[in-house]
Amino acid sequence: MKDNLILKIENVTKDFPGVRALSDISFNVRKGDIHGICGENGAGKSTLVKILAGVYPFNTYQGSIYFNEKELKLKTSSIQEAIQEGISTVYQELVLVPYLTAGENIFLGREPEEKGILNWEKLYSDTKEILTKYKLNVPLFTKISSLSVGQQQMVEIAKALSHKVKLLILDEPTSALTDAEVNSLMEILKNLKKSGVTCIYISHRLDEFFRIADSITVFRDGRVVDTVKTNKTTEEKIVAMMVGREMKKRFPDKKSKPRENILEVKNLSILAQQKVAIKNVSFNLRKGEILGIAGLMGAGKTELVTAIFGEYGKVVSGKILLEEKPITIQSAGDAIKYGISLVPEDRKENGLVLIQEVFKNISLPNLRQFSSRFSIDKYKELQECKRYSDYLAIKTPSLFTITEYLSGGNQQKVVIAKWLMSNPKILILDDPTRGIDVGTKYEIYNLINKLAQNGVGIIMISSELEEVLGMSDRIVVMREGECAGTLDRKDASQESIMTLATNIKRNNG
Amino acid sequence: MKQLNYIQKVKDFKIDIRAYTLIFALIAIWLLFGFLTGGVFLSTRNFSNLLRQMTIISFLAIGMTPVIITGNIDLSVGSMTGFISVIAAYLQAILLPNILPGLFQALPVELIGMLSTIITVFVCLLLGLLIGMGQGYIIAYGGVPAFIVTLGGMLVLRGGVLGVTQGKTIIPIEASLRLMAQGYLSEYIGIIIAIITIIIIFMVTLKSRTKKKKYGLNLRPIGQDLLIAALYGILVLIFTLMMNSYRGIQIPVLIMAIIAIIVTYIMNNTRFGRHIYAVGGNKEATKLSGINVQSVVLKTYALMGLLCGVSGIILTGYVAAGTTSGGMNYELSAIGGCVMGGTSLMGGIGTVFGALMGTLIMTSLENGMSVMNMSVFWQYIVKGLILILAVYLDVTSRKNKA
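If you read the sequences in order, they're chains A and B. Using this note's numbering, you'd call the opening residue of the first sequence number 110 and step up by one each time. Using this note's numbering, you'd call the opening residue of the second sequence number -9 and step up by one each time.
The reader is advised that the hints may include incorrect statements.
Across the chosen pairs, the derived CB separations fall in these ranges [as the list claims (entries may be wrong)]: (1) B:M364 - A:Q189: 19 to 27 Å; (2) B:L335 - A:R139: 32 to 40 Å; (3) B:L169 - A:Y500: 53 to 61 Å; (4) A:K559 - B:L221: 43 to 51 Å; (5) B:L335 - A:G218: 23 to 31 Å; (6) A:T437 - B:K204: 38 to 46 Å; (7) A:S426 - B:K201: 50 to 58 Å.
Rather than coming from a laboratory, the hints here were simulated on the basis of the structure. Glycine included, C-beta positions come from ideal geometry on N, C-alpha and C.
Go ahead and model the full structure; you've got the sequences and the hints to work with.
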């Protein structure tokens, strides 16, 4: 039995400042298997992948990993070393050069040369060999940018296979694929298995495990719950393992009750990048209500709220009613005028001007409040910024500190302060606690409750299902750009949300 | 009300290191040239020349600062200055002398000249504004990269220069326009302006004290505030007396100072100014803060165009003619001055003061080397190397900080 193991992970623990990403995990992967790994966002899957790929080198974690009966000690934080050992990783986000062909991408950085001159014939014959060997259907001379996402994925896999790979790691390969593309990926993986390649397969789509995986390891909160054989378990059992934790008191109680309607979205459809990104979505939001929006990655949550805020795509049909009156929002400026504020998903990209001082970030959308017709009253501005900074207990040496130097949690507080100052009637929070430590999270939950108590309508998206469950009065579940259903707090559970969020997949499969 | 003290403490402590570095670099360069030229470089006459030499570029550097801060660039400013300059000359030498005397037969010649200058100034400023807005519109709303639009603009406007002049120099220019670029303020007017400036400095100091008091901000001892104000006052006075000991404050230098103060005020104290920095710092976040990024970019180009108008008018007055080579390569000097003064080509960072200091340093190098009779080819080489060195030092110091 022992000889069959290719990977043995023993008591691995990985800490980040303030967060324990992996806590004492152990499991084995058998040679030649397709080994599934599942778990919620933040359960520690990606951290493990990064350790195996050499992004986090040996010494930055505790515990030991044995690969082919030899302890794996990757020294540099470079993926080259892992590749030489025989471990290749295909990430969720594809990292290909769009203007080069498949072959050029596969051999990027190690192009066959003769006396410094590229041997194109060899490059393409080698590429062709790999593609035919593993039955990958990719045109040889087409630029990556004109391939479909599924084909690009195949190029990534071919690139990984072109090294002498013993263990192939696929990190959520299907999240961006269509059903047909998923099917052909499944076939490819079956072929790989036949040629003796071991695979670690990470996915949110449980049905896929039951189609190809030999065994499944379930992660939860940085721990391994269990490793089970696929033929001895069911999808329901896996879901129970993924979410089946007793809920500790992680969320403060919400005292206020929702009042009258403030926002109504009726049959909204949004066109973006020549695709209908949001299809016929309807929901309403009441004063003092926290409305959660749940759904898998790519279900259109962020797109929906950004569209309501006037900064995504084009409204093709449907309408938005604010306090019973129809409104048109074409830009963030319009939204702010109507009293709608959005704390965006990515604070670094969309929320903050990192190179500027804290006070300038807080006041940016609110400068009108302290400006006469011509100039800004700086002193009034500072006083107001100070008020909000105190209210949120932002930890910063001063308001003149460059925002970049604050911790993630405090940066997020700056974004929230900025939008609180605009006195919103409706506050949209897109994953407001991502990458934030537990203590600050609790502070933010308290603040959200307090705002709701004051009659603000709150829409909240979260990458953590528990957060949505713990905070919301009602939950809108989205699936592929559509509203899959709305659940009341009392009817909502992880299972009921997951069922709504994934339902269609199972029926099709 | 003690709560705000910590805000102020840090602000007082945070001395603008970059600004001081520039001043020290400038003084070092001046002392070096003073030593190398046996004091000629430091004479009031040469100083007066030095300041006048920098004025035309300085208008462009001032306008270029907001453009670069938003993360854009304007390569057309040299050609635009040249174009507006020949338009000014064309109006003054050819068009207006044919029209005005006929319209206002009763007026004496000098008054007609003045009228011609007023019309010229108005038309040139308007023209600059319109060209700037045109380019800004294509960049902001058309989405064409600024580099391309203004590169095209540079060629088009240089073509315009040749078209207007037909390859010839256009003369004569009215005395009143020449005065704007070459004139000196009389001793008394110089002193009066200096005194008014000093009074304003004190008034601003006191006003900011009452404001700080109102919002409960930390106050420095009044003596310290007054001392600082007095120091600035003395600097103004010394400058005025120094200029007066030669031939007085030059009118273009005064215009430069006024424009620099206005644009600095816009950059620091208005919403538009804040938006400029925000756009350059993070365009997406600024857009999501409800700010019309396109309109901000358009306005920076409008301001740039307007200042090209000023630059073109002063150029015509200074050369006393419209020439085919007017404004050639000015864009590079203006961009060089900005960058030397700490404006980041990545956007988001920069000041008008820095751009002026950068321009003054570059002009000082040029002037000093001419006074030393250094060959022109060396002058180019030295200026180029120093520009690269300055930015290299800036980049490495920032890397160490991060």
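Hint check results:
no.: 1; hint: B:M364 - A:Q189: 19 to 27 Å; in the structure: 52 Å, violated
no.: 2; hint: B:L335 - A:R139: 32 to 40 Å; in the structure: 55 Å, violated
no.: 3; hint: B:L169 - A:Y500: 53 to 61 Å; in the structure: 59 Å, holds
no.: 4; hint: A:K559 - B:L221: 43 to 51 Å; in the structure: 50 Å, holds
no.: 5; hint: B:L335 - A:G218: 23 to 31 Å; in the structure: 30 Å, holds
no.: 6; hint: A:T437 - B:K204: 38 to 46 Å; in the structure: 41 Å, holds
no.: 7; hint: A:S426 - B:K201: 50 to 58 Å; in the structure: 52 Å, holds
Hints 1, 2 from the earlier list are contradicted by this structure; the remaining hints agree with it.
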